[in-house]
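Engineer: The chain contents come next:
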Amino acid sequence: MANKIIESADVHLFYGKNEALKGINMDFVENEITALIGPSGCGKSTYLRCLNRMNDLIDSAKVTGKFLLNGQDIYAPEMDTVKLRKEVGMVFQQPNPFPFSIYDNVIYGLRLSGIKDHRVLDEAVESSLKQAAVWDDVKDKLHESALSLSGGQQQRVCIARVLAVKPQVILMDEPTSALDPISSAKIENMLLELRQQYTIIMVTHNMHQASRISDKTAFFLQGELIEYAPTKKIFLNPTEKETEDYISGRFG
Amino acid sequence: MRRLFEDELNDLHVRFSEMGMMVNEAIYKSVKAFINHDKQLAREVIADDHKINERETDLESKSFELIALQQPVSTDLRVIVTIMKASSDLERMGDHAVSIAKSTIRVKGNTRVPDIEKDIADMADKVKQMVEEVLDAYVKEDRKKALAIASEDAAINAYSENIYDDCIKEMQRDSETVIGSMDYMLVASYLERIGDYVMNICEWIVYLRTGKVVELNSNAQEDKF
Chain A
1 MANKIIESAD
11 VHLFYGKNEA
21 LKGINMDFVE
31 NEITALIGPS
41 GCGKSTYLRC
51 LNRMNDLIDS
61 AKVTGKFLLN
71 GQDIYAPEMD
81 TVKLRKEVGM
91 VFQQPNPFPF
101 SIYDNVIYGL
111 RLSGIKDHRV
121 LDEAVESSLK
131 QAAVWDDVKD
141 KLHESALSLS
151 GGQQQRVCIA
161 RVLAVKPQVI
171 LMDEPTSALD
181 PISSAKIENM
191 LLELRQQYTI
201 IMVTHNMHQA
211 SRISDKTAFF
221 LQGELIEYAP
231 TKKIFLNPTE
241 KETEDYISGR
251 FG
Chain B
1 MRRLFEDELN
11 DLHVRFSEMG
21 MMVNEAIYKS
31 VKAFINHDKQ
41 LAREVIADDH
51 KINERETDLE
61 SKSFELIALQ
71 QPVSTDLRVI
81 VTIMKASSDL
91 ERMGDHAVSI
101 AKSTIRVKGN
111 TRVPDIEKDI
121 ADMADKVKQM
131 VEEVLDAYVK
141 EDRKKALAIA
151 SEDAAINAYS
161 ENIYDDCIKE
171 MQRDSETVIG
181 SMDYMLVASY
191 LERIGDYVMN
201 ICEWIVYLRT
211 GKVVELNSNA
221 QEDKF
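Residue numbers (full-length UniProt numbering), protein chains in the order written: chain A, 1 to 252; chain B, 1 to 225.
Please note: incorrect hints may appear among the correct ones.
[As the list claims (entries may be wrong)] Below, simulated PhoX-like cross-link-like pairs (lysine-lysine); rule was C-alpha separation at most 25 Å, straight line: (1) A/Lys-233 <-> B/Lys-85; (2) A/Lys-4 <-> A/Lys-22; (3) B/Lys-62 <-> A/Lys-241.
The hints are simulated quantities; they were obtained by calculation from the structure and are not laboratory data.
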């Protein structure tokens, strides 16, 4: 039985009086890709952001429920959110490189944690960019601005930036929705490689992407988790009528 | 690009080819059992048939999965459709091998007709060779070879007609041979059907290469209706 890396139970989230998550129970197993799907406003991104406490930044948001990372309470008062986000990294929809060189982008997290040894940093840059499948594109221009890269390359550099701090879990919020199909395919292939070392949880609007690369798929609707099962089951024979309708394109 | 999908597609190919070899072996064994009156070998063919059936089910469910999860298009889609259709042809060929094995076990008349048995053995050799060739053509996606194999089906039909005529003559000559001859006719017709399925697979190979669904040889043409 594979290890549960993240457990969450009875998760509710309110934006003011509006209940955005209505009692979600979801566990995640190590070295799997989980796709969260559902129509806009269903709560999937909100849920994803709970996992590394990104919702802390929104004043009106109030989260209740249990969240454990390797058995440790993510919302414990003593939890250091910087450390948490190092373990549970995040990649956003729009590539968001800092306006520095590619090299400085990748080592940003390591610099923050006080690492100065150039050899360590050089190695981290090379291995992270290789893992993110963008090394060959950028190896000759590491000191040029990351903003000079194409969107797909920028996104992979952002992924390398997350990988450099060696997280256990990578959260991705529609990581390819701003990219062309070729760049998306590169990222999808990369994710399949990364799965061997990391646990990946991604929100995607692209159902085909979910079916192609994820091990498990969760379908959210109006703040509720309708169905969470192996991807094969969801796309070949879902249990719930709502899931069937959504993946068949009948609503949403 | 899409490494996982490529791997799975390749795996499907390999497992389909294996199924082809299983079926070919079943045909070979069933005919050998019939000619040698080897009921033991015939039982083996019947007992092993479930493996062929399971492989077909397995290929089908894997194909459904790839279609649902990977949304294949163009050549990728044709590969999967070809495997789904051709594997059910293979499965039917396996059933005919079982029918031949069953006639071996059922056979009661001991009056044999060596000339006809020789014709059946020759016909079986030819069918077996066609099955081998069609599997090879499938692996190589060789459209020309598929067309060539399809044209050989006429020879199989000729065998079948000759055996039929000879059986009638034998039965008229010596009524002791009626029971045996009936089985000869049945076996020849099973082999002839196997030849037809080989032709179906040839049609799928043409589809795989060209995207055109073709009818290489209809029964109406065969029988000159």
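Engineer: If a hint holds in the structure, say so; if it doesn't, say that too.
Structural biologist: These are the hints, each one checked on the structure:
no.	hint	in the structure
1	A/Lys-233 <-> B/Lys-85	holds (24 Å)
2	A/Lys-4 <-> A/Lys-22	holds (22 Å)
3	B/Lys-62 <-> A/Lys-241	holds (24 Å)
Of the numbered hints listed earlier, not one is contradicted by the structure.
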